[in-house]
Amino acid sequence: KAGVTQTPRYLIKTRGQQVTLSCSPISGHRSVSWYQQTPGQGLQFLFEYFSETQRNKGNFPGRFSGRQFSNSRSEMNVSTLELGDSALYLCASSEESGANVLTFGAGSRLTVL
Amino acid sequence: GENVEQHPSTLSVQEGDSAVIKCTYSDSASNYFPWYKQELGKRPQLIIDIRSNVGEKKDQRIAVTLNKTAKHFSLHITETQPEDSAVYFCAADRGKSTFGDGTTLTVKP
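If you're matching them up, the sequences are chains A and B in order. First residue of the first sequence: 1, per my numbering; consecutive thereafter. First residue of the second sequence: 114, per my numbering; consecutive thereafter.
Just chain B, same shape as in the assembly:
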C-alpha cells in the first residue's frame, strides 16, 4: 500500500520567516496531494492541494511543489504569522488518502 513520510515532525520559526515541510510517497499511482492544517482542538482543514499533472501551485503565502519523478512534494509558507501555528498533514491519494504523521509548526512572535 501507499506509504507517506513527512519531515520534519516539529518546526519552529520566527514570525516573518519561511517554513518548508516535505513529504515523500511510495505509490506512483497516487495522483492527488492535499495539505491539511489542524489547529489545536479543531478539525483538519484543507489549505492547498495539487494534482499530479501540475508541478507547482500557489495561494497567497502558501505554495506546494510536486516532483513526480522523485515522488516528493513540499509545502512552503512564506512570511509566517503566529496564526500559522498548527499541525500540518500531507496526504497522497490514489483512491484513498494516506496521511503523513504531521508536522507541528510553531511561529514565534
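So that you can see chain A by itself, here it is in the shape it has in the complex:
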C-alpha cells in the first residue's frame, strides 16, 4: 500500500506570494489532517477534512485554507505569505475522522524569504 504522498517536498517563496501544497492519502483513507511543524512549537493543527468537508479547524488566520477532493486528495493554500509561515507542513491521513491512528506524509518544507 502506498503511503501518504506530499508534494512538493521543498519550496521557496517570497513574502506576499501564495503557495499550494498537495497531499494524497493512503488508499481508502477518507480523513486528511494538516499540521504545521516549527522548531520549538511542535505540531500545530491546521484543519481536518473528511469526505470533502472541513470537520475541524485550528487557530490559524484565514490566510490558511484547504480543500479535499472526491478522491480524498487534499490541498492547502497559504496566501500573502509571511516570514513566520516558514515551516514543515505535514499532512496525515486516517481511515475515519477523529480518534484514529494518523499516518503522516514526509512533509512539504516551505521557506519564505
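Note that these hints are calculated values from the structure, not bench results. Careful, some of the hints might be misleading.
[Said to hold, decoys possible] With a Cα cut of at most 27 Å, we get these calculated DSSO-like pairs of lysine-lysine:
no., chain 1, residue 1, chain 2, residue 2
1, B, 181, A, 57
2, A, 13, A, 57
3, B, 150, B, 221
4, A, 57, B, 170
5, B, 155, B, 170
6, B, 155, B, 221
7, B, 221, B, 135
8, B, 150, B, 135
9, A, 57, B, 171
10, B, 155, B, 181
11, B, 221, B, 181
12, A, 1, B, 155
13, B, 150, B, 170
14, B, 221, B, 184
15, B, 155, A, 13
16, B, 155, B, 171
17, B, 155, A, 57
18, B, 171, B, 184
19, B, 181, B, 135
20, A, 1, B, 150
21, B, 171, B, 150
[As the list claims (entries may be wrong)] Here are the in silico distance ranges between beta carbons for each label pair:
no., chain 1, residue 1, chain 2, residue 2, range
22, A, 10, B, 164, 34 to 42 Å
23, B, 118, A, 38, 17 to 25 Å
24, B, 141, A, 59, 14 to 22 Å
25, A, 86, B, 171, 35 to 43 Å
26, A, 96, B, 139, 21 to 29 Å
27, B, 183, A, 8, 38 to 46 Å
28, A, 10, B, 141, 23 to 31 Å
29, A, 80, B, 166, 41 to 49 Å
30, B, 168, A, 15, 35 to 43 Å
31, B, 168, A, 61, 38 to 46 Å
For glycine and all other residues, C-beta sits at the position ideal for the given N, C-alpha and C.
Go by the hints and put chain B onto chain A.
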C-alpha cells in the same frame, strides 16, 4: 480547546536505563491518546496508543499508562537503546489530535 502539556522537553539516559515522558491534558472529552516518534529528518510515526477505556497498554519495551481522573498519561520505555533516540510527541484526541510540544530523548551508548 484542548491543551496538552508534555514533560520533560529533553531527556538524556544511558543505554539500558528506562525513560519516562509525561503528558497532561485539559479536555475530559478526549478519548484517544497516541504517542508518535519522530527521528531526525523523518516523519512522525505511531509507536503506541491507548483509549480512554483502558488504563495501561504494553508493547514489548514500551508501555503507556492513562489516569483519566488526573488527566495525565505517560510513556515508559525500558532497556533503552541508541535507536530510541528521537523526538516523542504525545497527543490527546477528541475528534482532532492536539499534540504536546515534544520530548527529545537521547540515549547514550
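Does the hinted range 35 to 43 Å hold for residue 86 of chain A and residue 171 of chain B at CB? holds (40 Å)
Just to be careful, I want the Cα atoms of residue 155 of chain B and residue 170 of chain B compared with a cutoff of 27 Å; is the pair within it? Given pair residue 155 of chain B, residue 170 of chain B holds - Cα atoms ~26 Å apart, limit 27 Å.
Would the pair residue 181 of chain B and residue 135 of chain B pass a check requiring their Cα atoms to be no farther apart than 27 Å? Given that 27 Å is the threshold and the Cα spacing comes to 14 Å, the pair holds.
Check the hint pairing residue 155 of chain B with residue 171 of chain B against an upper bound of 27 Å on the C-alpha distance. holds (25 Å)
Please check whether residue 118 of chain B and residue 38 of chain A have a Cβ separation lying inside 17 to 25 Å. holds (18 Å)
Should the hint that residue 10 of chain A and residue 164 of chain B are 34 to 42 Å apart at their CB atoms be regarded as holding? Once the Cβ atoms are compared, 37 Å apart, the range 34 to 42 Å for residue 164 of chain B and residue 10 of chain A holds.
Restraint check for residue 150 of chain B with residue 135 of chain B, where alpha carbons must lie at most 27 Å apart: holds (14 Å)
Would the hint linking residue 57 of chain A and residue 171 of chain B be met if the CA-CA limit is 27 Å? Roughly 33 Å between the alpha carbons, so the hint for residue 57 of chain A and residue 171 of chain B is violated.
Residue 1 of chain A paired with residue 155 of chain B [C-alpha distance capped at 27 Å]: With Cα atoms ~19 Å apart, residue 1 of chain A and residue 155 of chain B stay inside 27 Å; holds.
Against the 27 Å threshold, does the CA-CA distance of residue 155 of chain B and residue 13 of chain A hold or violate the hint? holds (23 Å)
Could one say that the CB atoms of residue 141 of chain B and residue 59 of chain A fall in the range 14 to 22 Å? holds (21 Å)
For the pair supplied as a hint, residue 57 of chain A and residue 170 of chain B, is the alpha-carbon distance within the 27 Å limit? violated (30 Å)
Hints 4, 9, 10, 11, 14, 28, 30, counting from the list given before, are not met by this structure.
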